[in-house]
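Start from the sequences, fold in the hints, and give me the full structure.
Listed in order, the protein sequences are those of chains A and B.
For the first sequence, the positions run 1048 to 1164 when this note's numbering is used.
For the second sequence, the positions run 3 to 196 when this note's numbering is used.
Simulated from the structure, these hints should not be mistaken for lab results.
Note that this is a predicted model, so its numbers are computed, not measured.
Virtual Cβ for every residue (Gly too), placed ideally from N, Cα, C.
One should not assume that every hint holds.
[To be verified] So the derived label-pair ranges between C-beta atoms look like this:
1) Met74/B to Pro1085/A: 46 to 56 Å
2) Thr1163/A to Glu23/B: 25 to 35 Å
3) Leu182/B to Ala1096/A: 30 to 40 Å
4) Phe175/B to Glu1122/A: 55 to 65 Å
5) Ala33/B to Pro1137/A: 49 to 59 Å
6) Val187/B to Leu1161/A: 35 to 45 Å
7) Glu1122/A to Arg110/B: 30 to 40 Å
8) Trp11/B to Val1164/A: 49 to 59 Å
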Amino acid sequence: MSYVELWYIIIRSMARKMTAGPGSDPELLILSSLAGGPKHGYAIMQEIAAFAGVELGPGTLYTAITRLVDEGWIEPLEASARQRPYQLTPGGLDHLRGQLEKMRQLASFGLRRLRTV
Amino acid sequence: MTLRTLLVWAYPRSWREEYGEELAGILAQQALSVTVVADVLAAAIRQHVRRDDPWKICGAGLFLWTVAGDLMNVVNSNWFLLPLPPALFLTGAWTVVRDRSNTLSVARAVGKAAILCLLPDMAAVLMRGASPVLLPSGIMCFRWGIYTGTILRPAGWQYPPFLFTQVVLPCIFTGCAGGLFGRFVNGFREGLRG
Chain A
1048 MSYVELWYII IRSMARKMTA GPGSDPELLI LSSLAGGPKH GYAIMQEIAA
1098 FAGVELGPGT LYTAITRLVD EGWIEPLEAS ARQRPYQLTP GGLDHLRGQL
1148 EKMRQLASFG LRRLRTV
Chain B
3 MTLRTLLVWA YPRSWREEYG EELAGILAQQ ALSVTVVADV LAAAIRQHVR
53 RDDPWKICGA GLFLWTVAGD LMNVVNSNWF LLPLPPALFL TGAWTVVRDR
103 SNTLSVARAV GKAAILCLLP DMAAVLMRGA SPVLLPSGIM CFRWGIYTGT
153 ILRPAGWQYP PFLFTQVVLP CIFTGCAGGL FGRFVNGFRE GLRG
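Right, here's the structure in full:
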């Protein structure tokens, strides 16, 4: 692997939010995963890979978790061994509901338009 | 020290204290591919930009720039000096935008960034020593380092005023100009919020 390829990977992973669609937004995926109950980082990664087919890297995962905690949308629980589970806060639940509702409206609008094509 | 430990250490200390143990736990359960390493490093850079003081980020960039300049023997060329004023301006502006600092704090932050920028060159000077040069005008100077293009700096009592007027004051003025710009940006943002 050349330096150019390495820099490409670094820049791509830094620009993930700009290029990815709403279905692969790490924050939304994490909130969706936590809607099923508290989980620690590794369990969140595995569940997201299973239900969305998106492989979140550990760096991306914890960048998103940090932001979600700062926003007050998730909160850490008591640590078990090295891993600390996270759970949705009421604010996080409202935010997730709002985002999913927007996605649903966008999807139904787009699908309606597609039927006329 | 393993690669996994190094990756966790790439993050700012405040972040490590909060999430470092968990990240180490996840990394211990994963194979370290190039993609994973790049992902963790990119996230570490992002956390530094979010959490560190602006002078540390700008100063680290300037430090690396000077190291490269020293290694390539171009520290006295105009294009090498070109990014320094904008970087110091940015340091001042960013310090005010982020922390709403006063002028004294801006000057302090810019001074620290400038010191980081000068450190590699100072180290090179210390390692190589200085050789006296008598200018045609009769003024005794020292040529620092081994570089063909290094700046001639006055000797003896003339050196502190030279350092103050040619390096310290311009750096602080540039940074404070950045700070004024930062205040303008803050005012503009507050105006937008209404």
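Consistency of the hints with the structure:
Taking 46 to 56 Å as the suggested C-beta distance range, the pair methionine 74/B and proline 1085/A conforms, at roughly 54 Å. Evaluation of the 25 to 35 Å hint for threonine 1163/A and glutamate 23/B yields a failure: the beta carbon distance comes to about 54 Å. Taking the beta carbon of each, leucine 182/B and alanine 1096/A are about 50 Å apart, not inside 30 to 40 Å as hinted. Between phenylalanine 175/B and glutamate 1122/A the C-beta distance comes to about 46 Å, which lies outside the given range of 55 to 65 Å.
Between alanine 33/B and proline 1137/A the C-beta distance comes to about 38 Å, which lies outside the given range of 49 to 59 Å. At about 43 Å, the CB distance of valine 187/B to leucine 1161/A agrees with the hint of 35 to 45 Å. One distance hint, 30 to 40 Å for the beta-carbon pair glutamate 1122/A and arginine 110/B, holds here, with the actual separation near 36 Å. Taken as a hint, the range 49 to 59 Å holds for the pair tryptophan 11/B and valine 1164/A, whose Cβ atoms sit roughly 54 Å apart.
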